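There are 2 protein chains.
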Amino acid sequence: MTPARIPGARTAPVIALDVMSGDAGAEVAITAADIAAERYPTLHFRLHGQEQVMAPVLARLPRLAARATMVHTDDVVLMTDKPSQALRRSRTSSMGMAIDSVKQGEADAAVSAGNTGALMAMALFALRTMPGIDRPALAALLPTLKNDSVVLDLGANTECDAENLVQFAVMGAAFARTVLGLERPRVALLNIGEEELKGTDEIKDAAAVLRSADLPMQFTGFVEGDKIGQGDVDVVVTDGFSGNIALKTAEGTGKLVVGLLTAAFKSSLLAQIGYLLSRPALSALRAHLDPNAHNGAVFLGLNGLVVKSHGSANARGIANAIGVAHDLIRDGVSAKISHDLASMRAHRPDAIAAAK
Amino acid sequence: MTPARIPGARTAPVIALDVMSGDAGAEVAITAADIAAERYPTLHFRLHGQEQVMAPVLARLPRLAARATMVHTDDVVLMTDKPSQALRRSRTSSMGMAIDSVKQGEADAAVSAGNTGALMAMALFALRTMPGIDRPALAALLPTLKNDSVVLDLGANTECDAENLVQFAVMGAAFARTVLGLERPRVALLNIGEEELKGTDEIKDAAAVLRSADLPMQFTGFVEGDKIGQGDVDVVVTDGFSGNIALKTAEGTGKLVVGLLTAAFKSSLLAQIGYLLSRPALSALRAHLDPNAHNGAVFLGLNGLVVKSHGSANARGIANAIGVAHDLIRDGVSAKISHDLASMRAHRPDAIAAAK
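Heads up: the protein sequence lines correspond to chains A and B, in order.
If you read the first sequence in my numbering, its first letter stands for residue 33, the second for the next number, and so on.
If you read the second sequence in my numbering, its first letter stands for residue 33, the second for the next number, and so on.
Chain A extracted, bound-state conformation:
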């Protein structure tokens, strides 16, 4: 492993993994790294956490051990810590040190399953936003009837103005071009109706800018919550409050339906036999909806990649979050976002004021 400070100059990508902060514990996080090491043969790791906890696990995983460096710390950010408390431990905690590895050029991306607010605060403080970005946004993939869709912001910014939403659209489109491999992703603003007069002023102003901007995306206007699952839009743009509500309500409804389905299959002997016959087909359905399969939300808009794993993800889930980081490094998503932002600003230096 030869760390380099020039982006793209390193031959082997390095992930800084915060091993300690998730609900599942260090062993699960290290197992996840081993799964990812198998999937991505060039990937290297910096494992941030307590050496006495990590060493025995690593001793059992020779494939990972050959490509991992342990960076010891005893300090862990708790799920209940406030962002302000966490910030004070930027230099001592496993989370803060993983982010610092990215800042120092020792890693290409940080991955953590810890406290979202703390991760956001530390990442923003250490890495700062890209030129042209006021606030980073948390983006993730959501399953739909067709391909996955990108949804952002998922909770990094409780309130957003029109300019924030426009920036999120640009970042989300660049993310979709990378992760979903789309040339001109279809981008829409989440709203409570599809007509132009619906929604808040922020949303209407952002729509006016996006309609007139010359960007590598297809802006399709507004999308309502019930249409997200249809997969007719590739990027759903919203403020962090609504995005978080939408993501979690979708998760909760998925669980509700699966819960009702399980009860239905147990309700009679015939239904139980029916379940046994349909089980292989239903397993595919479960896999399609499995949150672990869609794990890995990304803070977009920072000078460095930070990926957030679900706090309760299992080893396969965390390995998927590492996979998201791997793909973003490989495809140079940060450079794409910078380029699209610069291009929009060159064409529309004062887009929002002009659209008003």
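There's no promise every hint is true.
[Claimed, not checked] Listed next, the in silico BS3-like pairs over lysine-lysine satisfying Cα-Cα at most 27 Å (straight line):
no. : chain 1 : residue 1 : chain 2 : residue 2
1   : B       : 287       : A       : 287
2   : B       : 298       : A       : 298
3   : B       : 178       : B       : 287
4   : B       : 298       : A       : 287
5   : A       : 230       : B       : 114
6   : B       : 135       : B       : 368
7   : B       : 287       : A       : 178
8   : B       : 298       : A       : 178
9   : A       : 298       : B       : 178
10  : A       : 114       : B       : 230
11  : A       : 135       : A       : 298
12  : A       : 298       : B       : 287
13  : A       : 298       : A       : 287
14  : A       : 287       : B       : 230
15  : B       : 135       : B       : 114
16  : B       : 236       : A       : 114
If you are wondering where the hints come from, they were derived from the structure by calculation, not from laboratory data.
A quick note: this is a predicted structure, and the numbers were derived from the prediction, not measured.
Once you have looked at the hints, place chain B on chain A.
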């Protein structure tokens, strides 16, 4: 049918049905009234719409005809009309005339499957808000793993302040006491985290008031989107933007899962046989999630009852919306809301200022 202007003085409840404004058409709306007439033997109807369309349908439905009066108009509010356009036709359109029937004391509740924005604008203009209520809220029942939950506001108010949210909580609790038959419903504010420091200032201020208020409810703090489906909260309070996003995302996710399930059952011969054996059990699941079974959102906080049916509801769905109106009339929900509001104001005349 003997209309009376004194609330509660009429022996038989009367529904003013806007027959013309839904997507499904007049025949479906009148069939819905006939289904409701069978379910509720004391219910009477004022049918607002084109007599030449209504009369032939009514001629085939003697049970309904015996308890219905036709009120003729040619004017219909379209789904694409702006609220301001609709307002100008308050006296001429079937929607406006149905609301006016409530205002004039000729009916106890209006039911319409038309344009939500137009219905809200007309209802607010004609009926005005109750003393102590600044803005009406749209409330409905959502299926959960346990009992149904009340969710409000579902889109009547795009932006809300803390005082609005507190009023919605009071109205939602009174609604739950009536419709769900609960003594002290559990009420929570929809938020992006359960910790006290999460969310917007409006939500935090509203929580402070509700924590200290002496009301016939159990305020349980914040609830996240993924917990709505668990049914651990009876009333979910939110602004109209987030509420609409949550409701529609839940609907869309339900459809997504059912779509994936249908595909799974068709994916192999064994799965098809499995489906046939499980079908009775799965029908119960489908019924539990059927939007028609949960049809009927209520504008709470007006001096008169107005119930909104889903625009695409079928006859059974619209009959369920009429059923919601019937139950609200029977249980005197308007009086309960007034009482709870007066009681809160008596105890906390300046609750929000005090809590800050």
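Here's how the hints hold up against the structure:
At roughly 13 Å between alpha-carbon atoms, residue 287 of chain B and residue 287 of chain A fall within 27 Å of each other, so this suggested pair holds. For the suggested pair residue 298 of chain B and residue 298 of chain A, the alpha carbons sit about 21 Å apart, so the restraint of at most 27 Å is met. With a C-alpha separation of about 20 Å, the suggested pair residue 178 of chain B and residue 287 of chain B falls inside the 27 Å cut-off, and the hint holds. For the proposed pair residue 298 of chain B and residue 287 of chain A, the alpha carbon gap of about 22 Å is at most 27 Å, so the pair holds.
Distance hint between residue 230 of chain A and residue 114 of chain B is fulfilled; the C-alpha atoms sit about 10 Å from each other, no more than 27 Å. Restraint check: the Cα-Cα separation between residue 135 of chain B and residue 368 of chain B comes to about 19 Å, which is no more than 27 Å; the hinted pair holds. Between residue 287 of chain B and residue 178 of chain A, the direct Cα distance comes to roughly 13 Å. Compliance with the 27 Å bound is thereby established for this hinted pair. Between the alpha carbons of residue 298 of chain B and residue 178 of chain A the distance comes to roughly 17 Å, so the proposed pair stays at or under 27 Å and holds.
For the hint pairing residue 298 of chain A with residue 178 of chain B, the CA-to-CA distance comes to about 17 Å; that is within 27 Å, so the pair holds. About 10 Å separates the Cα atoms of residue 114 of chain A and residue 230 of chain B, which keeps this hinted pair within 27 Å; it holds. As the CA atoms of residue 135 of chain A and residue 298 of chain A are separated by approximately 53 Å, the hinted pair breaks the 27 Å bound. A threshold of 27 Å between alpha carbons decides the hint, and for residue 298 of chain A with residue 287 of chain B the separation of about 22 Å falls inside it, so the pair holds.
Note on residue 298 of chain A and residue 287 of chain A: the hinted pairing holds, with a Cα-Cα distance of about 17 Å set against a maximum of 27 Å. Distance restraint check for residue 287 of chain A and residue 230 of chain B: the Cα-Cα separation of roughly 24 Å lies within the 27 Å cut-off, and the hinted pair is therefore satisfied. Using a Cα cut-off of 27 Å, the hinted pair residue 135 of chain B and residue 114 of chain B holds, with the two alpha carbons roughly 23 Å apart. With a CA separation close to 16 Å, the supplied pair residue 236 of chain B and residue 114 of chain A stays within the 27 Å bound.
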